[in-house]
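Engineer: Sequence:
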Amino acid sequence: MKFSAKIATTVAASAVAVAQVASAGTLDDVKARGELKCGVSGGVPGFSAPDDAGRMQGIDAAVCDAIAAAVLGDASKVTFIPLTAKERFTALASGEVDVLSRNTTHTLTREASLGLNFTYYNYIDGQGFMVMKDSGIKSTLELDGASICVQAGTTTELNMADYFRNNNMSFTPVGYETSSQTREGFEGGACDVLTSDKSQLAALSTEMKVGPAGVTILPETISKEPLGPVVRQGDDQWMDIVAMTLYALINAEELGITSGNIDNLKANPSNPNVARLVGTEGNMGELLGLGPDWSYNAIKQVGNYGEIYERTVAKIGIPRAGSVNDLWTRGGILYAPPIR
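Take any residue in the sequence shown, count from 1 to its spot, add 154: that is its number in our numbering.
Derived pair list, reagent style DMTMM-like, types lysine to aspartate or glutamate, alpha-carbon separation capped at 20 angstroms:
1) Lys287 - Glu374
2) Lys240 - Glu265
3) Lys292 - Glu374
4) Lys363 - Asp346
Per label pair, the in silico range of CB-to-CB distance:
5) Thr326 - Pro446: 53 to 59 angstroms
6) Leu262 - Asn437: 34 to 40 angstroms
7) Arg465 - Gly485: 19 to 25 angstroms
In short, the hints are calculated from the structure, not lab data.
Every residue gets a Cβ at the ideal spot worked out from N, C-alpha and C, and that includes glycine.
Given these sequences and hints, build the entire structure.
Structural biologist: Now the structure itself:
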C-alpha cells in the first residue's frame, strides 16, 4: 500500500467531466496501472487513518483493500489519497481517484447532480453533538446560543441548521476544513460544542487530551447518514465491481466465511452459496470482468465485514451487536443481495 498526500485542485465535478473520465473504463485503467487510487479522509480513526507504520487503517480503507484484492489479487495495491470534504467529489469526477471511500453520506442531491453513483453502504451513521463533560450539558435541547465547531462542505452543516431552526434555537457555526481541525478548535475553546457523525465524534474523542472520559456525546441523533463508497456515473461495470465486492464481504459474514476458514471451505464447500462465494461454482467473476478468485481474494486478504468492523470501528468504542450495522439476522439492517 502506498500513501499519497496529493489533493485535487482543479476540474469541476460536472457530468461532462465524469463522462469523459468514465468512458475510458476504470477497470482497464486500474489493471493497466497495477494499483487502485482510493480517496479517503485519512484522519478519522476507525474509518481511515494511518497507523504507526504509516499504513492506512479503518473500515473505509478496508473497502479499498478489498477492491484491490478482488481486481488485482493483492490488497496492498492501493494508493490512498487523503481528501477534504470540499475536495472529495472533484477528485473523483476528475479521475484523480478511482473510488471515494470517505465516510460520505448518500443524498438525493449528490446522487442526482454530481454525476456520481453511490454503490452501497459500509456504515450507517447519524449526526450528534459532543460537549466537554464538565459542562454538565445532557441534551442537545440545552444548546441554544452555543458556538459549534463543524466541518465545512458536509451534510453536517445543513442538518445542524435544520435542527436548530426546527427547535427555535440559535447557534454560531465555527467552520473548519478537516475533522482534525474541528477537534483542535473544540479542544482549544474556539467553540462550546463539536458536531459530526457520531462515529466521528467517538473517533475524535480518542485523540483528545481529555480522552473519551472527558467528553459527553449527547444522546440525540438528528439525522440519517448512510455512508459508503462512491464512483463516477457512466461506468456501470466499475460500479458493479465496487458494490459486489462489498456485498461479498457482507455475505461472507452471513455464511460464516472468514479469512481464517475460507481455504477449508473452498476445498469443501458446505453449500452452493458458499461455493459461489469462494469461486468453486458458477462464473461470478467472469460476469464482472474479474477472475474466478475475486471474492476469495477479498475475503482471504481483508476478512468478512464482521472481521473488518471488529478491528476498525469497534476499536474506537462503538459496539456492533444489535445496532443498525449488525446483520439483518441479528437485529440490524446490514443486508446484501445474494452472490448467484
